[in-house]
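Trainee: Residue numbers (the working numbering), protein chains in the order written: chain A, 493 to 992; chain B, 30 to 174.
It is worth saying that the hints were derived from the structure and are not from the lab. One or more hints might be untrue.
Computed footprint of chain B on chain A, listed as stretches where at least three residues anywhere in the stretch have a Cβ under 8 angstroms from a Cβ of chain B [said to hold, decoys possible]:
#: 1; segment: 542-549
#: 2; segment: 668-682
#: 3; segment: 881-892
As the structure is a prediction and not an experimental result, all values here were calculated from the model. Positions of the beta carbon are idealized from the N, C-alpha and C atoms, including for glycine.
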Amino acid sequence: MELFQNLALGFGIALTLTTLSLAIIGCILGTIIGALPGLGPSNGVAILIPLAFTLELDATQALVLMTSVYYGAMYGGRISSILLNIPGDEPAMMTTLDGYPMAKKGRAGDALVLSGVSSFVGAFLATIGLMLLAPILARVAFYFGPAEYFALYLLAFCTLGGIGAENQAKSAIAVCLGLGISMIGVDNSTGMTRFTGGNLHLYDGVDFLVAIVGLFAVTEIFVFIESRGKDSAIGVKLGKISIPIKDILATKWTMLRATTVGFIAGVLPGAGASLGSFLAYMSEKSLAKEKKTFGTGDIRGVAAPEAGNNAAAGGALVPMLTLGVPGSGTTAVLLALLMTLNITPGPLLFNERPEVVWGLIATLLIANFVLLILNVPLVKVFTKILQVPASFLLPGVAMVSFVGIYSLSGSYFDLLLMIGFGVLGFTLRKLKIPAVPVILGILLGGHMEVSLRRAMVLSNGDWTYLFNSYISVGLWIAAFIGFIAPIFLRSYLKKPTPIG
Amino acid sequence: MSDRIFGSILTILALTFFVSATQLESPFFADPLGPKNFPFIVSGAALICSITMIIKPDKDPLWPNVKTLIKLFTALIVLILYAFSLKTFGFLLPTALASAALSYLIQPSIFKSSATGLILSLSLFTIFKFGLGLSLFPFPKFLLG
Numbered sequence: 493m494e495l496f497q498n499l500a501l502g503f504g505i506a507l508t509l510t511t512l513s514l515a516i517i518g519c520i521l522g523t524i525i526g527a528l529p530g531l532g533p534s535n536g537v538a539i540l541i542p543l544a545f546t547l548e549l550d551a552t553q554a555l556v557l558m559t560s561v562y563y564g565a566m567y568g569g570r571i572s573s574i575l576l577n578i579p580g581d582e583p584a585m586m587t588t589l590d591g592y593p594m595a596k597k598g599r600a601g602d603a604l605v606l607s608g609v610s611s612f613v614g615a616f617l618a619t620i621g622l623m624l625l626a627p628i629l630a631r632v633a634f635y636f637g638p639a640e641y642f643a644l645y646l647l648a649f650c651t652l653g654g655i656g657a658e659n660q661a662k663s664a665i666a667v668c669l670g671l672g673i674s675m676i677g678v679d680n681s682t683g684m685t686r687f688t689g690g691n692l693h694l695y696d697g698v699d700f701l702v703a704i705v706g707l708f709a710v711t712e713i714f715v716f717i718e719s720r721g722k723d724s725a726i727g728v729k730l731g732k733i734s735i736p737i738k739d740i741l742a743t744k745w746t747m748l749r750a751t752t753v754g755f756i757a758g759v760l761p762g763a764g765a766s767l768g769s770f771l772a773y774m775s776e777k778s779l780a781k782e783k784k785t786f787g788t789g790d791i792r793g794v795a796a797p798e799a800g801n802n803a804a805a806g807g808a809l810v811p812m813l814t815l816g817v818p819g820s821g822t823t824a825v826l827l828a829l830l831m832t833l834n835i836t837p838g839p840l841l842f843n844e845r846p847e848v849v850w851g852l853i854a855t856l857l858i859a860n861f862v863l864l865i866l867n868v869p870l871v872k873v874f875t876k877i878l879q880v881p882a883s884f885l886l887p888g889v890a891m892v893s894f895v896g897i898y899s900l901s902g903s904y905f906d907l908l909l910m911i912g913f914g915v916l917g918f919t920l921r922k923l924k925i926p927a928v929p930v931i932l933g934i935l936l937g938g939h940m941e942v943s944l945r946r947a948m949v950l951s952n953g954d955w956t957y958l959f960n961s962y963i964s965v966g967l968w969i970a971a972f973i974g975f976i977a978p979i980f981l982r983s984y985l986k987k988p989t990p991i992g
Numbered sequence: 030m031s032d033r034i035f036g037s038i039l040t041i042l043a044l045t046f047f048v049s050a051t052q053l054e055s056p057f058f059a060d061p062l063g064p065k066n067f068p069f070i071v072s073g074a075a076l077i078c079s080i081t082m083i084i085k086p087d088k089d090p091l092w093p094n095v096k097t098l099i100k101l102f103t104a105l106i107v108l109i110l111y112a113f114s115l116k117t118f119g120f121l122l123p124t125a126l127a128s129a130a131l132s133y134l135i136q137p138s139i140f141k142s143s144a145t146g147l148i149l150s151l152s153l154f155t156i157f158k159f160g161l162g163l164s165l166f167p168f169p170k171f172l173l174g
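Between the sequences and the hints, there should be enough to build the whole structure, so can you do that?
Mentor: Written out as C-alpha cells, the structure reads:
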C-alpha cells in the first residue's frame with residue numbers, strides 16, 4: 493500500500509510539464525551521446541552536470557534530467573555497435589559481437605529494433621526492480637553505524653577496481669590516488685588545512701566535478717587526438733525499418749533472463765553495466781543448444797547484452813540511492829551530482845526527501861517509453877548522428893567541458909586543474925589503471941574518513957569496534973573476497989574479441 | 030618499464046604524502062584518530078601498491094610516436110591557453126581559435142578546421158548565452174569598455 497502512495501507522489505511530480513520536458517530532453521541528449529562512438533554515459537553525464545547547474549533546477553529536476561541522459565546513453569550505445577562495429581560506449585561492446593554481423597547480412601534495421609525493444613525490457617523491468625528493492629535495502633541501511641559505513645566504502649573500493657582492472661595493485665593505486673586527493677583542503681573536524689601546499693585555491697579542496705570532467709572528457713580529447721579518429725569506420729547501410737515481431741517473440745525469454753542477470757550485476761557494487769551485458773551474453777550462450785550461431789548474427793546475441801546492460805544500469809541506481817555507494821562509473825558521476833546538490837544519498841533520503849526518490853523512479857518509468865519511441869520508430873534520425881566527424885565533435889566536447897566548469901567557478905585555476913586531470917587520465921588509460929576508482933576515492937574519501945573518525949570517537953580509539961557487528965564483519969569479508977576473487981576469475985572473465 | 034617509472038613516481042608521492050602528514054599538528058582537543066592517521070593508512074597502502082607495480086610490472090603499453098606526442102603536447106598548450114584567455118579575450122575569439130586548432134590536430138584540413146571553429150564558436154555562444162543564460166562576454170572586455 494505504501495508503495496502505491498509513494499508511486500502516486502512520484503507520478504504527481506513526474507507528470508508536471510517541466511519534469512516531463514526535462515526527461516524527454518534528457519532522453520534525446522542521452523541517445524545522441526550514447527550513439528556517438530567514444531562518448532559514453534559517464535562522459536556525457538559528466539560534461540552536462542555543470543551545465544545543469546546553470547539552469548538552476550531543483551534537486552529532483554536535475555536528477556531527472558541527468559538520469560534520463562544516463563538511461564538514454566545506455567539505449568543509444570548500441571546504434572554504433574550495430575552499424576559501425578564500434579561500441580558507442582563500453583557496455584555496448586558485447587552488442588557488436590552479433591549486432592554487426594546481423595547488420596552485414598542486411599538486417600541492420602531488424603537488429604536496431606530488436607535491441608531497442610530488449611533495451612526497453614531490461615531498463616523497464618530494472619526500474620521496477622529498483623522500485624521494489626531500494627526501499628527494502630534502505631531499511632537495512634538504517635542499521636548502519638559509522639563502522640558499517642566504513643566497511644561499506646571499503647567494499648565499494650575493493651570491488652569497483654577489482655572487476656574492471658586487470659591488475660589489482662593498479663586498481664588499489666587508483667583508489668589511493670582518489671583518497672589522497674579527497675584529503676586536500678580544510679579538515680572539517682579540526683579546521684586545519686592539509687596538503688594544500690599553501691595554495692589558497694585548494695583550501696576548499698578539489699571540486700569533484702573538475703576532477704570528473706577532466707578525467708572523463710579531457711582525457712577523451714587526448715585519446716581521440718592520439719587515434720586521430722581512426723574509429724570512424726565505414727558502416728553498413730540501414731535500409732528500411734520494420735518491426736521483426738517474430739524475432740522479438742522468439743527472444744522473449746532471452747530478454748527476461750538477461751534482465752535478471754544484468755540487474756543483479758548492476759546492484760552489486762562495482763560490477764556495473766559492462767559486466768551486466770557480458771554475463772547476460774555469456775549465460776545465454778551457455779544455455780543455447782546451438783552455440784555456433786553466436787558471433788554470426790544470432791538474434792539472442794543481440795537481445796541478451798542489450799537487455800543485460802540496460803537492466804544493470806537500473807540496478808546500479810539501487811546501491812547509489814540507498815547506500816550512497818555507486819555501482820558503476822556513471823552512477824559515481826550521478827552521486828557527484830547529488831552531493832553537489834547537497835543531497836546525501838542513503839536511507840534517510842527515502843524518509844526525508846521522498847519526492848526526490850519517487851519523482852525519479854516515476855520519471856524513469858515514463859522515460860523508458862519515451863526512449864522506446866526514440867529508439868524504435870525514430871532510430872533512423874539518430875543513425876544520422878554517426879556521420880558527425882570526430883574533428884567537429886571533439887572540439888565541441890572540449891569547449892562544452894570548459895564552459896561548464898568555468899560557469900561553475902569562474903576561475904582559471906579550476907580549468908587548469910581540469911586539464912591536469914585530463915593529462916592524468918590519459919596516463920592512467922595508457923598504463924591500464926582504471927580512472928573510476930580515482931573518482932570514487934575523491935567522492936567518498938571524505939565520508940570514509942569521517943566514518944572512521946566517528947567510529948573511533950564512539951569506541952574511544954578501540955580499533956576492534958570496526959568489527960563489532962555481523963553487518964560490518966560480513967562487509968569486510970565481502971570486501972576481501974571482492975578484491976581477491978578477480979585474480980582467480982580473470983581467465984573466466986576474459987572477454988571475447990569482436991570480429992574485425 | 031613504464032609501470033616501473035610510474036610506480037617509482039607514486040612511491041615518491043606516497044612518501045611525500047606520508048612525511049607531510051607527520052608534520053600536521055594535532056590540535057589539543059582532537060578526536061582519537063586525529064587528522065594524521067587516515068593519511069597514514071592511505072599513504073601506506075599506496076606505498077605497498079606502487080612497490081608492487083615496480084616489482085611486478087605489466088607489459089609496456091604502446092606509447093604514441095614522436096609526431097603524435099608533439100600533437101598531444103600542442104593540444105595541451107592549446108587547452109591551457111584557452112583556459113587563460115577565456116576571461117580576458119571573451120568567448121568568441123578564443124573558442125573559435127581553440128576549436129579550430131583541436132579540429133586541425135584530429136583532421137589536418139585548414140578549410141574544415143576553420144569552419145569547425147567558426148560554427149562551434151557561434152553556435153555554442155548562442156546556446157550558452159541565450160539558451161542557458163550564462164554570463165559570457167562575446168568580445169574582449171577592453172573592447173566592450
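Trainee: None of the hints should be skipped; say for each whether it holds.
Mentor: Hint check:
Counting residues of the segment 542-549 of chain A whose beta carbon lies closer than 8 angstroms to any beta carbon of chain B gives 3, which reaches the threshold of three, so the coverage claim holds. Counting residues of the segment 668-682 of chain A whose beta-carbon sits less than 8 angstroms from any beta-carbon of chain B gives 8, enough to reach three: the coverage restraint holds. Note: the segment 881-892 of chain A has 10 residues with beta-carbon separation from chain B under 8 angstroms; the three-residue rule is met and the coverage holds.
When held up to the earlier numbered hints, the structure conflicts with none and fits them all.
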